[in-house]
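Engineer: Listed here are the chains, written in short residue letters.
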Amino acid sequence: METSLNRKAKRKKRICQILLYAILSVFAVICLYPVFFTLNSSLKDNTDIFAAPFSLPGTPQWENYVRAWTIGKMGVYFKNSIVLTTATLFVSALIGSLASYILAKFKFKGKGFVYLLFIAGMMVPIQTVIIPLAVTFGKLGIVNNFPVLVLLYSAFCLSMTVFIVTGYMKGLPDELEEAAVMDGADPVIIFFRIILPLSMPSLVSASIFNFVSAWNNLLFPLVFISKDSMKTISIGLLSFFGAYTSDYGAVMAAIGVSIIPPIIMYILLQEKMEKGLTAGAVKG
Amino acid sequence: MEQYHRNKKIIFLFLLPALLVYIIFECIPVLQSFYFSFFEWPGIQGVPLAYVGLDNFKALINDAQFHRAIANILLFVLIGILTQLPIGFFFAILLYYTKHGQKFFKAVYFIPMILPVTATGLLWQFILKPNETGVLNNLLSKLGLENLCTGWLVNSKTAMMCIILVTTWASAAYYIVIGLAAMNSIPDEILESATIDGANTWKRVIHIMVPMIWESIKISVVMIITGVLKVFDMVFVMTEGGPNGLTHVPATLLYSQAFKYNHYGIGSAISTIMFMISLVITIVSLKIMNKEDKKSATKERGGRKVWRQV
Amino acid sequence: MKRKIIAVLLTACLSIGLLAGCGNNASETDDSQVKSEPSATTETADTSAAKEPEVTITVLTRYAGSDVQAQWLQTMMEKFSELHPNVTFQDDSVADEAAYNNKLKTAIATGNLPNMWMQYGAASLVEYAKNGLAMDLSSLLEDTEFTLGLADPTLSSYNLSNYGVDGIYALPFAMQPEVIFYNKDLFAQAGIDKVPETMEDLIAAFDKLNAAGITPMGMGAKDTWRLGHFYNCIVYKKAGVENIKKIGSREAKWTDENIVETLEILKSFKDRGAFEENFEGIDWSTENANFLSGKYAMICVPLWFIPTAEASEIADSLDFFQIPYFEDAIEYKDNSAVYTDAHVYNGKLEGYEKEITLEWAKFTHSAYSEEVRLKVCNQLPGRSDINTDGYEMSPLMEKALVLNNELTTYGGDVFEYDEITSMQDVIRNSLVGMMLGTSPEDTARSIQAEIDNNQ
Numbered sequence: 001m002e003t004s005l006n007r008k009a010k011r012k013k014r015i016c017q018i019l020l021y022a023i024l025s026v027f028a029v030i031c032l033y034p035v036f037f038t039l040n041s042s043l044k045d046n047t048d049i050f051a052a053p054f055s056l057p058g059t060p061q062w063e064n065y066v067r068a069w070t071i072g073k074m075g076v077y078f079k080n081s082i083v084l085t086t087a088t089l090f091v092s093a094l095i096g097s098l099a100s101y102i103l104a105k106f107k108f109k110g111k112g113f114v115y116l117l118f119i120a121g122m123m124v125p126i127q128t129v130i131i132p133l134a135v136t137f138g139k140l141g142i143v144n145n146f147p148v149l150v151l152l153y154s155a156f157c158l159s160m161t162v163f164i165v166t167g168y169m170k171g172l173p174d175e176l177e178e179a180a181v182m183d184g185a186d187p188v189i190i191f192f193r194i195i196l197p198l199s200m201p202s203l204v205s206a207s208i209f210n211f212v213s214a215w216n217n218l219l220f221p222l223v224f225i226s227k228d229s230m231k232t233i234s235i236g237l238l239s240f241f242g243a244y245t246s247d248y249g250a251v252m253a254a255i256g257v258s259i260i261p262p263i264i265m266y267i268l269l270q271e272k273m274e275k276g277l278t279a280g281a282v283k284g
Numbered sequence: 001m002e003q004y005h006r007n008k009k010i011i012f013l014f015l016l017p018a019l020l021v022y023i024i025f026e027c028i029p030v031l032q033s034f035y036f037s038f039f040e041w042p043g044i045q046g047v048p049l050a051y052v053g054l055d056n057f058k059a060l061i062n063d064a065q066f067h068r069a070i071a072n073i074l075l076f077v078l079i080g081i082l083t084q085l086p087i088g089f090f091f092a093i094l095l096y097y098t099k100h101g102q103k104f105f106k107a108v109y110f111i112p113m114i115l116p117v118t119a120t121g122l123l124w125q126f127i128l129k130p131n132e133t134g135v136l137n138n139l140l141s142k143l144g145l146e147n148l149c150t151g152w153l154v155n156s157k158t159a160m161m162c163i164i165l166v167t168t169w170a171s172a173a174y175y176i177v178i179g180l181a182a183m184n185s186i187p188d189e190i191l192e193s194a195t196i197d198g199a200n201t202w203k204r205v206i207h208i209m210v211p212m213i214w215e216s217i218k219i220s221v222v223m224i225i226t227g228v229l230k231v232f233d234m235v236f237v238m239t240e241g242g243p244n245g246l247t248h249v250p251a252t253l254l255y256s257q258a259f260k261y262n263h264y265g266i267g268s269a270i271s272t273i274m275f276m277i278s279l280v281i282t283i284v285s286l287k288i289m290n291k292e293d294k295k296s297a298t299k300e301r302g303g304r305k306v307w308r309q310v
Numbered sequence: 001m002k003r004k005i006i007a008v009l010l011t012a013c014l015s016i017g018l019l020a021g022c023g024n025n026a027s028e029t030d031d032s033q034v035k036s037e038p039s040a041t042t043e044t045a046d047t048s049a050a051k052e053p054e055v056t057i058t059v060l061t062r063y064a065g066s067d068v069q070a071q072w073l074q075t076m077m078e079k080f081s082e083l084h085p086n087v088t089f090q091d092d093s094v095a096d097e098a099a100y101n102n103k104l105k106t107a108i109a110t111g112n113l114p115n116m117w118m119q120y121g122a123a124s125l126v127e128y129a130k131n132g133l134a135m136d137l138s139s140l141l142e143d144t145e146f147t148l149g150l151a152d153p154t155l156s157s158y159n160l161s162n163y164g165v166d167g168i169y170a171l172p173f174a175m176q177p178e179v180i181f182y183n184k185d186l187f188a189q190a191g192i193d194k195v196p197e198t199m200e201d202l203i204a205a206f207d208k209l210n211a212a213g214i215t216p217m218g219m220g221a222k223d224t225w226r227l228g229h230f231y232n233c234i235v236y237k238k239a240g241v242e243n244i245k246k247i248g249s250r251e252a253k254w255t256d257e258n259i260v261e262t263l264e265i266l267k268s269f270k271d272r273g274a275f276e277e278n279f280e281g282i283d284w285s286t287e288n289a290n291f292l293s294g295k296y297a298m299i300c301v302p303l304w305f306i307p308t309a310e311a312s313e314i315a316d317s318l319d320f321f322q323i324p325y326f327e328d329a330i331e332y333k334d335n336s337a338v339y340t341d342a343h344v345y346n347g348k349l350e351g352y353e354k355e356i357t358l359e360w361a362k363f364t365h366s367a368y369s370e371e372v373r374l375k376v377c378n379q380l381p382g383r384s385d386i387n388t389d390g391y392e393m394s395p396l397m398e399k400a401l402v403l404n405n406e407l408t409t410y411g412g413d414v415f416e417y418d419e420i421t422s423m424q425d426v427i428r429n430s431l432v433g434m435m436l437g438t439s440p441e442d443t444a445r446s447i448q449a450e451i452d453n454n455q
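Residue numbers (this note's numbering), protein chains in the order written: chain A, 1 to 284; chain B, 1 to 310; chain C, 1 to 455.
Just so you know, these hints were derived from the structure itself, not from any lab. Don't take each hint at face value.
What the hints assert, rightly or not - Calculated pairs, DSS-like style, for lysine-lysine (alpha carbon to alpha carbon, straight line, at most 27 Å):
(1) C:Lys194 to C:Lys270
(2) A:Lys170 to A:Lys109
(3) B:Lys260 to A:Lys227
(4) B:Lys106 to B:Lys218
(5) C:Lys270 to B:Lys157
(6) B:Lys103 to A:Lys10
(7) C:Lys194 to C:Lys295
(8) C:Lys333 to C:Lys354
(9) C:Lys348 to B:Lys260
(10) B:Lys9 to A:Lys170
(11) B:Lys8 to A:Lys107
(12) C:Lys295 to B:Lys142
(13) C:Lys130 to C:Lys362
(14) C:Lys184 to C:Lys208
(15) A:Lys170 to B:Lys8
(16) C:Lys245 to A:Lys227
Stated by the list, open to error - Label pairs and their in silico Cβ distance ranges:
(17) A:Met123 to C:Thr409: 54 to 64 Å
(18) C:Asn210 to A:Ser246: 23 to 33 Å
(19) B:Ile186 to A:Leu269: 19 to 29 Å
(20) B:Leu75 to A:Leu268: 35 to 45 Å
Note that CB positions come from ideal geometry on N, CA and C, so glycine has one too.
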């Protein structure tokens with residue numbers, strides 16, 4: 001009696017397990033298949049893409065990637081995106097962590113207001129500022145200007161950086177600074193030697209979040225970059241898609257070029273990326 | 001030490017760069033945007049702004065395209081919450097109970113999230129192409145479901161829904177990770193005590209887990225709302241608001257008005273209205289959930305008590 | 001060391017790609033260019049060139065990349081630099097429409113105008129002229145030798161007097177009448193022995209083709225200009241060019257009965273099965289590819305399609321015919337849709353830079369220039385006085401020339417006569433919207449509403 005009950009429970013448990021993994025696998029296919037499909041198609045020629053969309057490529061058409069990289073200029077766009085994003089991360093991390101240090105540790109009138117001002121930025125959609133910026137930049141003749149774009153991108157990274165890093169720095173004990181202050185060390189040295197290294201985890205989280213938003217940004221380059229040689233990968237991909245719609249292999253390869261680096265980066269930094277991207281949701 | 005933390009010079013110098021960049025590139029433009037909504041400018045250098053009062057807002061109130069954009073964004077918010085949240089938390093719960101391969105599945109689910117939105121939009125646009133060229137249609141007809149085939153991004157019944165669901169595809173993983181993190185922070189004893197009491201998994205989830213992770217559900221809802229209200233990229237990439245304005249959301253309409261038709265004032269008015277709407281919706285949703293929070297908190301306490309007694 | 005290897009690899013990749021890219025489409029135009037090379041130019045070299053100041057002429061067009069006229073622009077810039085060694089060119093051209101518009105928009109908003117740019121229609125031109133951004137070209141009219149050979153000798157195409165602006169601010173370039181290209185084999189297969197002459201014939205052809213299981217007409221309406229172009233043809237043949245111009249000058253309305261009727265006709269074509277299902281989601285390049293692989297019997301497209309048609313694998317089966325006329329609107333039989341690019345020149349220029357820019361304008365609209373366009377790009381010339389001696393024209397081009405000479409009354413895109421910038425999108429989008437279910441009356445109303453809201 002007891003054993004049969006036990007067996008029943010065991011069987012039930014096993015069915016549950018199978019069901020669980022079945023559901024998990026179906027969802028995994030839904031998540032991965034479109035990506036796989038793109039990479040798969042990127043190695044086929046036009047006829048194959050439509051005649052046999054679900055099969056593997058017969059002979060891999062690597063020329064698709066060559067075309068995407070050269071005619072599609074994905075190489076140039078790629079480099080531009082890297083330059084722009086790296087500079088943005090550097091600037092926003094530097095000025096953002098300096099400000100966070102003050103907001104976390106120092107005492108002054110209006111501190112609450114300044115902090116709130118920064119945090120409120122998370123609510124501001126990019127499209128709110130795009131028209132005034134276009135008008136102002138137009139008046140000043142600023143266009144195709146990477147340094148200005150870096151500052152603009154950084155401004156939109158600051159809210160998240162300040163939010164995450166300030167929260168983290170608040171948790172650092174004052175004693176860490178104390179000895180250095182007693183020794184009369186320069187505040188800049190205290191910041192760079194003591195505070196910054198200790199806050200690195202939070203800065204990494206913030207930077208990953210900022211990386212994704214800067215790398216993906218479509219509206220700013222759409223409006224402020226008109227030179228082909230300065231386009232970023234997001235608008236470059238769009239214009240390549242517009243101009244070569246019927247060269248499906250190359251278009252798929254171009255998409256492939258744009259999605260492979262983030263996937264590799266994710267494989268390398270899985271935990272850190274998950275943490276960084278969801279940092280906004282977890283009270284810091 | 002106290003003195004060091006009140007040093008005005010340090011405060012000023014350290015804060016200045018960030019404040020300058022932030023004020024110049026974000027704060028001032030936001031204010032300018034309100035200001036511009038009362039003006040018109042044709043986008044030609046040297047032509048001054050012309051004051052038009054409330055005309056831009058009046059024009060929008062009578063504009064069918066704007067109505068459509070507002071309706072679309074509200075649908076987007078609603079469906080966004082109804083899909084992203086349940087899918088996210090459902091799989092978070094499943095993963096929580098997955099002993100082997102939890103990390104693997106989580107990684108797989110996260111991949112759509114890290115793709116550039118442009119790439120996501122374009123690859124789905126390709127999959128959703130009309131007629132036999134579309135992969136989805138191709139798949140459906142292979143499965144013998146020809147009658148379901150349609151021009152997914154053209155058909156007025158499906159176009160907006162497709163964009164919304166692709167957005168869900170691309171962002172549900174966010175809530176899986178958030179949900180999983182929240183569940184992992186639940187102390188084991190609580191769940192264990194329930195197991196010993198003989199509560200089955202489903203009951204455990206409802207009665208213990210949901211209240212324990214209520215805080216993160218709340219944050220997720222607010223994040224979906226604020227995220228969706230900002231949406232531009234996905235719509236712009238997939239349909240550019242077409243066909244015939246069918247899939248416009250305020251942000252894409254703003255882009256067309258300002259940068260295609262040179263109606264910079266109308267564009268600014270859209271951004272002002274959107275700013276107000278998102279402010280109101282965010283505050284209201286926070287309020288509602290706080291209220292519910294209180295209610296459910298009392299209920300939950302009662303519930304747990306009953307549980308213990310059994 | 002590592003860096004060097006990467007650099008070498010990258011260069012190798014790049015050059016392979018470039019070679020592969022060139023092999024695709026340039027080969028065919030290359031030999032024809034060689035032929036045109038010896039044909040001497042009538043321009044006399046400027047002897048005083050050495051004394052002239054150095055200038056850079058910035059050109060912003062869509063003649064780039066895969067555009068058929070990209071070669072023409074390159075040739076013109078080369079030749080002009082030979083004549084004027086002090087002139088260098090900065091070519092900002094980009095083929096993609098959205099990218100082009102973005103560039104032009106930025107240039108206008110920042111005041112960094114190129115010396116020459118192109119655009120369609122009067123809408124923005126009026127604004128530019130009023131604000132001194134576009135150069136008044138009236139002085140060119142004095143040079144009768146230049147104007148007489150032009151297809152439009154009075155330069156009336158871009159007359160802005162209807163909008164209260166005097167002067168001439170744009171040169172029409174590249175006349176492109178819209179026609180219907182068709183696949184002779186598919187017509188024969190469906191038992192159509194005579195090319196449609198009237199719209200009634202065309203509709204009968206739709207029915208026959210449908211009966212034979214052939215899609216009558218390709219229509220990549222996802223690119224809204226496709227449907228817009230077809231509508232231009234219908235409205236001009238049914239209601240006349242003059243009546244569309246009247247809408248632009250606000251003497252008529254979109255909701256007028258005769259215009260609504262044209263919308264009804266367009267819609268009835270869909271109901272008649274003229275296009276495939278879901279054509280609203282198909283783009284132009286797919287339409288183009290499908291037509292050239294024999295999937296459609298017809299497509300409605302301007303004559304710039306000739307080189308593409310002739311280069312295709314089914315070139316021998318392709319031909320074109322004029323847009324059929326309506327038997328009940330015989331008075332508009334000679335009204336046609338003909339597109340031109342407006343070439344506009346920077347109105348802020350002064351002194352020598354203005355002079356040389358005008359010189360460039362003349363040069364690019366000269367008989368020599370049109371000869372290059374014909375011989376290198378296989379494009380219909382916009383002048384009557386070009387030298388075609390010893391040049392063997394393709395049959396399609398021959399036919400196109402005849403058609404071009406017969407043109408009497410023509411108009412461009414219907415929105416070109418409207419001052420409101422948004423009309424282009426509003427009209428084209430509304431047409432697509434109509435195909436997706438909006439009634440013709442409501443479509444007319446929504447287009448008219450855009451005008452009324454902008455008053």
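Engineer: So which of those numbered hints doesn't the model satisfy?
Structural biologist: 8 and 16
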